[in-house]
Amino acid sequence: MKVYDVVIIGGGPAGLAAAVSAYDSGAESVLILERDDVLGGILNQCIHNGFGLTRFKESMTGPEYADRFIKEVRKRNIEVKLKTTVLDLCEDKTVTAINEREGVFFVRGKAVILAMGCRERSRGALNVAGTRVAGVYSAGTAQKYVNVKGFLPGKNVVILGSGDIGLIMARRMTLEGAKVHAVCEIMPHSSGLKRNIVQCLNDFDIPLYLNHTITRIDGDARVTGVQISKVDQNKKPILGSEFYIPCDTVLFSVGLIPENELSKNAGVELSPKTKGAVVYQNRETSISGIFACGNVLQVHDLVDFVSEEAELAGKSASEYARRGDREKDCVNCIAKDKITYVLPQKIDKNQSGNVTLFFRANGVYKNCRVVVENDGQEVLSLKKRVVVPGEMERVILTEKIIKALNGDLTLKIVE
Amino acid sequence: MFDVAVIGGGVIGGAILRKLSSYNLKICLLEKGNDVCVGQSKANSGIVHAGFDASVGTLKAKFNVLGNAMMPKYARELGVKYENNGSLVVAFSDEEMITLGELKERGIRNGVQGLEIIDQAKLRELEPNISPNAVGALLAKTGGIICPYELTIASIGNAMDNGATLFTNFEVDKINAGDSFEIYSANGQKVQSKIVVNCAGYGSQKVANLIGDYSFTIGGRRGEYILLDRESGGFAKHTLFFTPTKKGKGILISPTVDGNLLLGPTADEVDFNNTDTTQIGLQSVIDKANEMCVGVPTYNVITSFAGVRAYCDKHDFIIEESNVKNGFINCVGIESPGLTSAPAIAEYVVDEIISKRITLTKNPNFNGVRKPDYFFSKLTVEEKNEIIKKDPSYGRIVCRCERITEGEIVRALTQNPRATDIDGVKRRTRAGMGRCQGGFCQPYVADLIAKVNGVTIDKVTKNGKGSEIVVGETK
Numbered sequence: 001m002k003v004y005d006v007v008i009i010g011g012g013p014a015g016l017a018a019a020v021s022a023y024d025s026g027a028e029s030v031l032i033l034e035r036d037d038v039l040g041g042i043l044n045q046c047i048h049n050g051f052g053l054t055r056f057k058e059s060m061t062g063p064e065y066a067d068r069f070i071k072e073v074r075k076r077n078i079e080v081k082l083k084t085t086v087l088d089l090c091e092d093k094t095v096t097a098i099n100e101r102e103g104v105f106f107v108r109g110k111a112v113i114l115a116m117g118c119r120e121r122s123r124g125a126l127n128v129a130g131t132r133v134a135g136v137y138s139a140g141t142a143q144k145y146v147n148v149k150g151f152l153p154g155k156n157v158v159i160l161g162s163g164d165i166g167l168i169m170a171r172r173m174t175l176e177g178a179k180v181h182a183v184c185e186i187m188p189h190s191s192g193l194k195r196n197i198v199q200c201l202n203d204f205d206i207p208l209y210l211n212h213t214i215t216r217i218d219g220d221a222r223v224t225g226v227q228i229s230k231v232d233q234n235k236k237p238i239l240g241s242e243f244y245i246p247c248d249t250v251l252f253s254v255g256l257i258p259e260n261e262l263s264k265n266a267g268v269e270l271s272p273k274t275k276g277a278v279v280y281q282n283r284e285t286s287i288s289g290i291f292a293c294g295n296v297l298q299v300h301d302l303v304d305f306v307s308e309e310a311e312l313a314g315k316s317a318s319e320y321a322r323r324g325d326r327e328k329d330c331v332n333c334i335a336k337d338k339i340t341y342v343l344p345q346k347i348d349k350n351q352s353g354n355v356t357l358f359f360r361a362n363g364v365y366k367n368c369r370v371v372v373e374n375d376g377q378e379v380l381s382l383k384k385r386v387v388v389p390g391e392m393e394r395v396i397l398t399e400k401i402i403k404a405l406n407g408d409l410t411l412k413i414v415e
Numbered sequence: 001m002f003d004v005a006v007i008g009g010g011v012i013g014g015a016i017l018r019k020l021s022s023y024n025l026k027i028c029l030l031e032k033g034n035d036v037c038v039g040q041s042k043a044n045s046g047i048v049h050a051g052f053d054a055s056v057g058t059l060k061a062k063f064n065v066l067g068n069a070m071m072p073k074y075a076r077e078l079g080v081k082y083e084n085n086g087s088l089v090v091a092f093s094d095e096e097m098i099t100l101g102e103l104k105e106r107g108i109r110n111g112v113q114g115l116e117i118i119d120q121a122k123l124r125e126l127e128p129n130i131s132p133n134a135v136g137a138l139l140a141k142t143g144g145i146i147c148p149y150e151l152t153i154a155s156i157g158n159a160m161d162n163g164a165t166l167f168t169n170f171e172v173d174k175i176n177a178g179d180s181f182e183i184y185s186a187n188g189q190k191v192q193s194k195i196v197v198n199c200a201g202y203g204s205q206k207v208a209n210l211i212g213d214y215s216f217t218i219g220g221r222r223g224e225y226i227l228l229d230r231e232s233g234g235f236a237k238h239t240l241f242f243t244p245t246k247k248g249k250g251i252l253i254s255p256t257v258d259g260n261l262l263l264g265p266t267a268d269e270v271d272f273n274n275t276d277t278t279q280i281g282l283q284s285v286i287d288k289a290n291e292m293c294v295g296v297p298t299y300n301v302i303t304s305f306a307g308v309r310a311y312c313d314k315h316d317f318i319i320e321e322s323n324v325k326n327g328f329i330n331c332v333g334i335e336s337p338g339l340t341s342a343p344a345i346a347e348y349v350v351d352e353i354i355s356k357r358i359t360l361t362k363n364p365n366f367n368g369v370r371k372p373d374y375f376f377s378k379l380t381v382e383e384k385n386e387i388i389k390k391d392p393s394y395g396r397i398v399c400r401c402e403r404i405t406e407g408e409i410v411r412a413l414t415q416n417p418r419a420t421d422i423d424g425v426k427r428r429t430r431a432g433m434g435r436c437q438g439g440f441c442q443p444y445v446a447d448l449i450a451k452v453n454g455v456t457i458d459k460v461t462k463n464g465k466g467s468e469i470v471v472g473e474t475k
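In order, the protein sequence lines correspond to chains A and B.
Residue numbering for the first sequence follows our numbering, beginning at 1 and increasing consecutively.
Residue numbering for the second sequence follows our numbering, beginning at 1 and increasing consecutively.
Among these hints, one or two may not hold up.
[Said to hold, decoys possible] Chain A residues, not near chain B, derived (Cβ > 10 Å throughout):
#1 LYS93
#2 GLN233
#3 LYS328
[Stated by the list, open to error] Lysine-lysine pairs mimicking DSS-like chemistry, simulated, CA-CA at most 27 Å apart:
#4 A:LYS71 x A:LYS315
#5 A:LYS81 x B:LYS390
#6 B:LYS465 x A:LYS179
#7 B:LYS465 x A:LYS155
#8 A:LYS83 x B:LYS384
#9 A:LYS149 x B:LYS246
#10 A:LYS273 x A:LYS412
#11 B:LYS389 x A:LYS83
#12 B:LYS384 x A:LYS264
#13 A:LYS81 x B:LYS384
#14 B:LYS475 x A:LYS155
#15 A:LYS155 x B:LYS384
Read the hints as simulated data drawn from the structure, not as lab findings.
No residue lacks a Cβ here, since even glycine has one placed at the ideal position from N, Cα and C.
Make the full structure from the sequences, and use the hints.
Listed below in C-alpha cells is the structure:
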C-alpha cells in the first residue's frame with residue numbers, strides 16, 4: 001500500500017487550499033482524491049461573482065476562484081486522482097477508494113485531511129406534504145442544470161428557504177427568463193448574506209416572505225402550484241393563513257449538511273451542533289492525525305474563509321506527518337447564551353500562537369457584547385453593533401490568554 | 001395474437017407473467033404507466049406476512065400462508081433481497097394480550113408455524129427501543145421483509161428474458177370480447193389475446209367494466225409512510241405491529257431490506273388514486289411511532305411517500321374467471337397480504353384457472369434465475385476489481401449515498417425491463433434513494449439516460465410524459 005505524508009479527501013476549495021498549504025509546509029507527498037471529473041468542487045457551478053473579495057480584494061466567479069488554487073496545485077508536486085470516490089476511511093488512516101483505472105485500491109496517509117464539503121438538505125428531510133412530481137429540486141441541483149448542463153428546470157418558480165444558494169438561484173432563474181414568484185423563509189430572518197438579499201431579491205423585486213413555509217406541493221406529472229402558510233413562533237403553520245401560488249418549479253434551499261459519513265465510519269467524534277468533527281484549534285479531530293476543514297467541518301459563509309481554514313489544516317497535517325502525535329493539554333470551548341456553536345470546540349494549550357474562535361449567534365442581536373469567560377472571570381469582551389445567524393463571527397484569543405486558561409472557556413452574547 | 005395478456009404491471013401481474021413464461025405461451029403485459037411497478041406495488045410496507053391476520057377460510061389466509069413459504073426460494077431465484085427478520089405484534093394492555101392469544105389461535109388454524117406469545121422481558125430483550133408501556137407480544141418467526149418494487153421488476157424482467165412482451169403507456173381503454181379479446185389503449189395501441197388476466201389494481205374495476213363485468217367495486221385506501229436514513233436501520237430488528245383493533249392494524253415500524261427504517265402507513269379513504277402525502281397523515285405516523293418505541297430517530301427522515309391500496313367491497317381477494325366472459329380472469333382486491341401472496345396467487349391462476357382454458361406445456365428454455373439489479377457494493381474487493389477490469393464504468397460511483405456505479409445504471413437502462421426515466425433507474429439501482437435524494441446524482445443519471453437513448457436531457461423525464469426534468473435550454 002502506498003503511504004503519503006498527507007492524503008486529502010476532496011478536491012474542492014478546502015482540499016485545494018489544504019494541499020497547497022501542506023506541501024508548502026514541508027509535506028513531501030500529498031495526494032488529493034476527487035470524485036468529480038475536475039478539481040474545484042461546487043465552485044464549478046457557482047458562475048456568479050463575489051468570490052475572493054476578502055482574500056484577494058477582487059471579485060471573481062467560482063470557477064475563477066477555483067482556478068487560482070488549481071494552478072497553485074499544478075505548480076507543485078501534488079498528486080491528484082480524479083473520478084475517484086473514497087469508499088472508506090479507517091482509524092489507522094487507511095483510505096479505500098475506487099476509480100475506473102485502478103479499481104478498488106488502498107492508500108494510507110500519515111495524516112489525512114477531511115475536505116468532503118457538504119450536501120443540501122432535501123425536500124424529503126422536511127416532510128413537506130403533497131405530490132412527488134417533477135419540478136422539485138434542491139437549489140444546488142437546479143444550479144447544476146442551469147450553469148453546467150445549460151438547461152432550465154422551470155419557468156415559474158417558488159423557492160423555500162433563503163439560504164445563499166436559494167437567493168443566488170432566485171436571481172439566476174430570473175436572468176434566464178423564469179419568473180420567481182416568492183422566496184419563503186420559515187425563520188423570522190434570512191440565513192443568507194445581506195448582500196445576497198439586496199442583489200438577488202431586492203434588485204429584482206422578488207418578494208421574501210419571512211415566517212412562511214410551503215405546506216403543500218400540488219401537481220400531477222409536474223408541479224402546478226404550492227400552498228404557503230404563515231408560521232407561529234414554534235414554526236408551526238397557522239391555520240387559515242394559507243395562500244396559493246401557481247408554479248411549475250419549487251426549489252429548496254433549506255440548509256447544508258456536512259457530509260461526514262466517512263468521518264463517522266472512521267470513528268471521528270462529531271458535534272451535534274455543527275454536524276462536523278469536534279476539532280482542536282489546528283483542526284485536528286478526535287482521531288490523532290485526521291484533520292478537517294471547510295464545509296465538512298462547519299458551513300462557512302464565504303469560500304474565502306474555507307480557504308483560510310484549509311490552509312490551517314494543511315499546515316497542521318504536514319507538521320503531524322513529520323513529527324507525529326504530541327501530548328495535548330486540553331480545555332473545552334463552550335457555547336452559552338445566544339450562541340449556536342463555537343469552533344474549535346477544544347483548545348490545546350501546548351500549541352503556540354493565537355486562537356481564533358468562530359461562532360454563530362442564534363438570533364439577531366443589536367448593540368451587544370460578545371463575552372469570553374474563564375474560571376469565573378471575563379477574559380475578553382467585544383462590542384458588536386449587530387450579530388445575525390447568517391454571518392459567522394470571530395474573536396481572537398491571544399497566546400497569552402490561552403496559556404493562562406484555567407479550565408473550560410465559555411462564550412456568550414450579552415445584550 | 002397472444003395466448004395471454006396480463007393487464008397491470010404490479011406484483012401480481014408480474015408474478016403471473018413470470019409463471020406463464022415457464023410454459024410455451026405467447027404472452028404480454030399491458031401497463032398504463034411509463035414503467036412497470038408504478039402503482040401500489042411500489043409504495044407499501046414490503047412485509048412478508050406470517051398469515052395470522054386474515055380470517056380463517058379466506059383466500060387471503062390461504063394464499064398468505066402459501067406465499068410466505070414460497071417467498072425465500074422465489075426471491076433467491078429472482079435475485080431479490082429477502083430477510084426473515086420475524087414480526088412482533090405488540091400489546092399495550094392485558095386486553096390486548098387476550099387479542100394476541102386469539103391471533104395466535106387464528107394463525108395456527110390458518111397453518112402458520114412458529115407463533116409464540118412472549119412477555120415484556122423477552123420483548124425488551126428482542127427490541128430494546130420498545131416503549132416501556134408494551135406488556136408483551138406475539139412473535140411470528142416466519143414474518144419477513146422484501147423490497148416490493150425490486151420483486152415486481154425482477155419478476156417482469158425474468159418473464160421478459162423468457163419471452164414475454166411488455167407494452168408500457170398502454171392504458172386499457174376498450175376491450176372487444178369475441179372469440180378472443182381485442183384490447184385497445186387510450187393512445188391507439190392494440191393487442192389481441194385469447195385470455196386476459198385483470199391485475200389492474202386500483203384500475204381493475206374500470207377494466208372489468210369494459211367487458212360488462214360489474215360484479216365488484218374497488219375502493220382506495222391511502223397509506224402514508226416516512227423513510228429514515230440507513231444510519232437508523234438498526235433501530236428495530238423485527239417488524240413491529242400494534243395489536244389490531246376494530247379500527248385496523250395501525251402503523252408499523254420496520255427495518256427494510258435495504259437497511260432503512262420505515263414508519264407507516266396511515267389508512268384513509270380516497271376517492272381517486274391520490275398519492276399525496278398530508279401534514280396530518282405524516283404527523284400521525286410520527287406520533288404513533290413514538291407510542292410504539294422510545295427515541296424514534298425522526299431527525300433522520302430522508303423522505304415520505306404514500307401509496308393507495310385497492311381493496312374490494314367483498315374484503316377478500318377475488319381470484320376467478322369472470323361470470324360475464326370466459327377467458328377473462330379477475331385478480332382484484334389484492335390488498336395486504338397481496339405482496340406475500342403473489343407467488344402463490346400466480347401458481348393458482350396459471351395452473352388452476354388458465355390451464356382449464358388453454359393447454360400448458362413446459363417451456364424447455366425457461367430459466368427462472370435472474371441476477372440482482374444492484375449488487376456491486378455487496379461484492380468483495382477482488383470481485384469488484386474483476387468486474388471493473390472488464391467494464392471500467394463499474395469503477396465510477398454516480399450515486400454517492402447508495403454507492404451506485406455507472407455500470408449498474410447503464411445495466412438498468414439496457415436489461416429487461418429497461419428503465420427509461422429517472423424514477424425507473426432509482427427503483428432498479430437505488431441511485432437517488434439515499435440521504436441526498438438524488439440532489440447530486442440526478443443530473444448524472446439524466447445524462448446517462450439521454451446517452452443510452454440517444455436523446456438530449458430535455459427529453460428525459462422523472463416518470464413519463466409531462467414530467468420532463470427540464471423545460472428547455474438556457475438563454
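Going down the list of hints, with the structure as the test:
no.	hint	in the structure
1	LYS93	holds, 18 Å
2	GLN233	holds, 18 Å
3	LYS328	holds, 30 Å
4	A:LYS71 x A:LYS315	holds, 19 Å
5	A:LYS81 x B:LYS390	holds, 21 Å
6	B:LYS465 x A:LYS179	holds, 24 Å
7	B:LYS465 x A:LYS155	holds, 18 Å
8	A:LYS83 x B:LYS384	holds, 17 Å
9	A:LYS149 x B:LYS246	violated, 55 Å
10	A:LYS273 x A:LYS412	holds, 16 Å
11	B:LYS389 x A:LYS83	holds, 16 Å
12	B:LYS384 x A:LYS264	holds, 24 Å
13	A:LYS81 x B:LYS384	holds, 19 Å
14	B:LYS475 x A:LYS155	holds, 12 Å
15	A:LYS155 x B:LYS384	violated, 43 Å
When held up to the earlier numbered hints, the structure conflicts with 9, 15 and fits the remainder.
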